[in-house]
Amino acid sequence: IILRVCLATYSFDAAICAHGQECHAPSLADLFDRVIQQSSRVHGISSELHSDYEQYFFPSKNHIGKRKCHTYSILTPADKENAQRLGREELTEVILRLLGAWGDPLSQLHRSMTQDQNQDFNHYSSNKALEMSDMVHELRSGVTKVAEKMKLLGVISNALGYMSSPESLAPSSVSSSYERGDFNSIDHHDLLYCFRRDSNKVKNYLRILKCTTLPELDC
Amino acid sequence: MFPAELDVMATALSVLLFLHIMTVSAQESPSDQVLPQKRPHLTGCVSANMETFRCRWNAGTFLNLSEPGDLRLFYINKKPTHVSPKEWSECPHYSTDRADECFFNENYTSIWTYYSVQLRSRDQSVLYDEDFFHVEEIVRPDPPVGLNWTLLNVSLTGTHFDIMVSWVPPQSADVETGWMTLQYEVQYREASSALWKVVDLQKSTQRSLYGLQTNVNHEVRVRCRMHGLKHFGEFSNSVFIHIPSKVSRFPVAVLLIFAALCLVGILMLVIVSQQQKLMVILLPPVPGPKIRGIDPELLKKGKLGELTSILGGYPELRPELYNSDPWVEFIDLDIEEQTLTDLDTDCLVDRSLSSNCSPVSIGFRDDDSGRASCCDPDLPSDPEASPLHPLLPNRSSSSPDPSDPVASDPSSPVHSPTTGEPPFAVPGREDLYTQVSEVRPSGEVLLAPEEQTDVEKTTSKDTEKETGVEKEKENAKKEIQLLVVNADHGGYTSELDAGKLTPRMSAAEMSESCQREDSSSVPSQAFVDYQRPYLESDMTPVSPLPPAPVYTMVEGVDRQNSLLLTPNPTPAPQTIIQKALPTPGGYLTPDLLGDITP
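Read top to bottom, the protein sequences are chains A and B.
Start counting the first sequence at 1; every next residue gets the next number (our numbering).
Start counting the second sequence at 1; every next residue gets the next number (our numbering).
I should point out that these hints are in silico values taken from the structure, not numbers from a laboratory.
Treat the hints with caution; some may be incorrect.
Only pairs whose alpha carbons sit at most 35 Å apart, straight line, appear in this in silico DSBU-like list of lysine-lysine [said to hold, decoys possible]: (1) B:K79 <-> A:K68; (2) A:K149 <-> B:K203; (3) A:K151 <-> B:K79; (4) A:K128 <-> A:K149; (5) B:K86 <-> A:K145; (6) B:K230 <-> A:K128; (7) B:K38 <-> B:K78; (8) B:K79 <-> A:K128; (9) B:K78 <-> A:K80; (10) A:K145 <-> B:K79; (11) A:K80 <-> A:K145; (12) B:K203 <-> A:K80; (13) A:K80 <-> B:K79; (14) B:K203 <-> B:K230; (15) A:K80 <-> B:K86; (16) B:K197 <-> A:K68; (17) B:K197 <-> A:K145; (18) A:K80 <-> B:K230; (19) B:K78 <-> A:K128; (20) B:K246 <-> B:K197; (21) A:K68 <-> B:K230; (22) B:K203 <-> A:K128; (23) A:K68 <-> A:K128; (24) A:K80 <-> A:K128.
One chain only, chain B, in its complex shape:
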């Protein structure tokens, strides 16, 4: 086992060694023979002034050709006018100052003619290289001379400067006669950098360079080429520029940094000390959403359903909206000249002072702006809001009619006018509009017959049973009651009152009538129909029910304490209530709220 492996390894190693030696030798041999293997060749023919030209060659690595004359140059120049020479001519002049160069002077140079050049061995047996050209194509001018610079200016900070560089075309190029047209290229760099900056080609012999740094060594050079050709000539000698900067930059920088730091520090102090004020200025607090009478919690996301139900629901069931701070202040009373002063209030209250009182015409602006709902109980409590409120004590105290019995009737379930109690407090928020059917000259206002009859009915049933009052009396009572009722409720009866009077009324009818819809004429008609038998039987001649409920506004109170009603009831309130709840997307905004609750 071992010996076999050893043999294998040995042979492998020997093979490897042999290969290595071979490669090394192979590598060595080219390096040794690089030079000898290169043939003599022409390095190029160049004309500097388009009047003469030179051809140069390289002897290569042939050792036996170092002698002058071992390589010979022959050429043919084909001029179109002359007969083309079939023979080759030898170089007219081998250069003396330089080896391996042939110089063709003006006599042998013709432009726009065809040249063919060959590099041959001494005995012309071997052709090493050849070239073909026209002289106008091989022009490479000499480098410009006289490169010079002048300082244009230095920057204010002393960090940069501008210079103007100028030069002169080479002597060999005949530019004055226009025989040669040159293009120049300037290059410059900082001495430490290896990359040259190249300026665009130009025809003029001067160039300005901007923005060079002070305290740095700069190098500038220039070269040129024949206009229309590709190849440039050699670069000129470089010129070195160094401008020392005058002002030391150190203190300036330090000062600037220091100033900046101070500024930053001051700013921080200001911000920290005035933090609160700044926060208010920059980020003013945003007021949250707020609707009077509604818990802001409901306005949060996700509770819109409750909100809409509250706002769009039955007005009587909106206790949230009618807090202690009602809508009264939003009522837009257009009291133009005479506001309701105390004097007027006295006039209203006490009839004895009526001589001094002029009828107070208090104009109500019958629009729904800020108008509380029909069921607003607080409206009567405000003396300014309604001049009718003072009628309450007035009526109750000075009613000439036999309202006293009524007043003194304690068993009236509904009407206790004098005390001004709960009857209009309890059902107050659920006030309802009702129709005024007739205004008597005596100042009495008759409400809608159905309620009248209801009142009559119930009161007759409940309260007057034992008395057995005559119909007249009942009617009068009712009227009085009605009056009282009117006075109590500011001319309106409450829905609940109606409900109490007519327990048979359905809740739907109640809600409908409160909302004052024209379409509720059906239930009101039901009212009428329902009550009609009573009407016919019990009622004194009362003006027939108007086919449609007509609402009017109590305009004022005249001297006789009678209600002045507006002749043309405005349909506006009806329409307003008819308006459907505008709930775009189910969300109710405060301004829409006004539309819903007039």
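Bound-form chain A, shown alone:
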């Protein structure tokens, strides 16, 4: 787990040079690959954590969506057509919005899990929550760099206003609902459910973005 945290903290635009080769700045394809790998890992951890929670606390799957995820206000394409109809710029924007909305809640989740020492499960899973939180931060900066690179290459236009202040994307109600601070297991479960879904969205949107921008590679 510690190793994974270390891996997560590497910079996205750091040049990875093979032995004997000249060092170049990473290309857009490299950046995309790294970002997509990172998003896969994030989604994997969130799935694990969520299913662990379900097994541990809620053996029955009888939950009829009472919860309401705080990112509901972010409009996301719900199927392929809508996703394809969305341009690259908007898709990038959606991705960044989602990632920005989850930074704080994940940190709060981790804090809550470490403080709740009663449950052995929390004690074991708090490391995963921390890892997730860090990786999401890294992913966000990575996607920002991808967007910058795309702008540089002229792939996307400069008509993006969110780049200046990503923090403002998250609706104000987001943080308010989590500021109360007394999380319990149900809150944890809801949070994980929501994040699992959103991380899957991010993963898929990134893949779509890559294959529409650079169609010749692995698509």
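For this one, chain A is given, so just place chain B on it according to the hints.
Frame of chain A, contents of chain B only:
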């Protein structure tokens, strides 16, 4: 008695029968009612392309539900943006090509939203089953298509081959836009085997398989799954591969076996014929332990005590060590330029030839390497070993002094110089060092006064009694005798001689003096003390005893046949004898032996 038992038995039997019937009926009834007891249930909702999905159910064993429409599917799809519908909707499309299936097309499918599905009866009064899911979690792709293989190469022996297998992702999965990312798993087996070999997951659409056997039917298949999910889709159709081998393996194997057998046969022949030589080469004989002069039996285990006693004991009592083959050859004579040739020997022997003779300086290396013991009797017998030996006949024959009377004196118990007899043969092995007190210019060597006096005493007592020779004469005689004695014994008197001369000497003193220890100055002093009265009374002015015994080496013989002594006696021999027997663990090695017996 009988009837009672019969009754008991009958009742028991009837009870048993009844139980048996009951169990049989009980067993039968579940088997009859297995199907009817199973309720209608959903077998699963699956999406192949993440754009549509299907839900399937099983009617169970209810016989009255075989009609279409008896079972109905309702769902709720909660989209976060829309208001959550409180009502359930029925299946948008019941499949026509397949019974018990509901198909949701793109219009009704939304990803990352919450679906709830229920299986109800026709009148919706009975809820048979329900399920909850997100579409992105139920994706199971269709099997890959277009599985094909190409031959890469065949091994040299024609027994194995390599192939490259390739396929195409399913049509339904939209991989080009990146909407779906697939992982593939290839499996292969020999047609006769029931176990599939599984290759690691991969993203690419081709795979090479190595080391497949020829002349065997092989089967290969592939399946895929969505990246990040657990469940695989169905397997593709298998492809069969069969490569016949070209070369027949039979003769090759036979040839190899034959060659191996021949080789083994040749090897055996060589070994058998050259057995002796091989044994010597492989297992060279190990030489046994051997110390000259010692029976190898003593070197065996358990006899070390005897060995150490022999080696460490009194040198005179070591007859075993002094066989016919003595240590003479080990004497390291450092004769540099001039070896003792016959000419030199003649020079030594005959004084008349002295004009041609140059003083032979024969340097003795005074180290103890190979030096025989002081009591080695054979040393004088070797002409090369000691140039003094030729003096024996010389002295005896050409002594100008009145040694003739002595020589002709038959009653001398000890000295019979001319004949060269036992006197130095018998006591030969027990030779002893003695001190040279003075060398007269005439070439006479005076030995230690005590022996001198002893000699004088005994000879005077025993032999000269009737003659009543004057003291001078006695002294001269003694001197001569001493000379003779010296000549006889190469400058040394034997211990036994001393013993005979002085029967009063104790054995301990004898042994001590032979070993030449400095500490034996006590017994020698005893000698001196003992003999002193005689000294004073009888002896002519003789140089006083040196306080400590000084040994020196006879360096050579000069023209006048006088002994040349080394001026500085080396203390080495003493120290050597002083050396304690090094017996680590009581065992004596041949090299240590040299140290003990100088």
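Verification of the hints:
Between K79 (chain B) and K68 (chain A) the CA atoms are separated by roughly 11 Å; this keeps the pair inside 35 Å, and the hint holds. A C-alpha spacing of about 27 Å is found between K149 (chain A) and K203 (chain B), which places the hinted pair at or below 35 Å, so the restraint holds. Only pairs whose Cα atoms come within 35 Å are accepted, and K151 (chain A) paired with K79 (chain B) is accepted, the gap being roughly 33 Å. For the hint linking K128 (chain A) to K149 (chain A), the alpha-carbon distance of about 31 Å falls within 35 Å, and the restraint holds.
In summary, the hint linking K86 (chain B) to K145 (chain A) is not supported, as the alpha carbons are separated by about 43 Å, beyond the 35 Å threshold. The hinted pair formed by K230 (chain B) and K128 (chain A) meets the criterion: a straight-line CA distance of about 20 Å does not exceed 35 Å. Proximity of K38 (chain B) to K78 (chain B) is assessed by CA-CA distance (about 31 Å); at most 35 Å being required, the pair is judged to hold. For a cut-off of 35 Å, the pair hint linking K79 (chain B) to K128 (chain A) stands: about 29 Å separates their Cα positions.
The straight-line distance between the Cα atoms of K78 (chain B) and K80 (chain A) is roughly 18 Å, inside the 35 Å bound, and the hint therefore holds. Between K145 (chain A) and K79 (chain B) the CA atoms are separated by roughly 32 Å; this keeps the pair inside 35 Å, and the hint holds. Taken as a hint, the K80 (chain A) and K145 (chain A) pair is honoured in the structure, with Cα atoms around 25 Å apart against an allowance of 35 Å. With a C-alpha separation of about 22 Å, the suggested pair K203 (chain B) and K80 (chain A) falls inside the 35 Å cut-off, and the hint holds.
At most 35 Å may separate the alpha-carbon atoms for a hinted pair to count; K80 (chain A) and K79 (chain B) meet this at roughly 16 Å. The hinted pair formed by K203 (chain B) and K230 (chain B) meets the criterion: a straight-line CA distance of about 15 Å does not exceed 35 Å. Restraint check: the Cα-Cα separation between K80 (chain A) and K86 (chain B) comes to about 26 Å, which is no more than 35 Å; the hinted pair holds. Distance check on the hinted pair: K197 (chain B) and K68 (chain A) sit about 46 Å apart at the alpha-carbon level, beyond 35 Å; violated.
With a C-alpha separation of about 43 Å, the suggested pairing of K197 (chain B) with K145 (chain A) is violated against the 35 Å cut-off. Proximity of K80 (chain A) to K230 (chain B) is assessed by CA-CA distance (about 22 Å); at most 35 Å being required, the pair is judged to hold. For the suggested pair K78 (chain B) and K128 (chain A), the alpha carbons sit about 29 Å apart, so the restraint of at most 35 Å is met. This hinted pair checks out: K246 (chain B) and K197 (chain B) have alpha carbons roughly 26 Å apart, not beyond 35 Å.
Straight-line distance between C-alpha atoms of K68 (chain A) and K230 (chain B) comes to about 27 Å, which keeps the hinted pair within the 35 Å bound. The straight-line distance between the Cα atoms of K203 (chain B) and K128 (chain A) is roughly 27 Å, inside the 35 Å bound, and the hint therefore holds. Distance restraint check for K68 (chain A) and K128 (chain A): the Cα-Cα separation of roughly 23 Å lies within the 35 Å cut-off, and the hinted pair is therefore satisfied. Restraint check for K80 (chain A) and K128 (chain A): the C-alpha separation of about 31 Å stays at or below 35 Å, so the hint holds.
Hint compliance for this structure: hints 5, 16, 17 are broken, all remaining hints hold.
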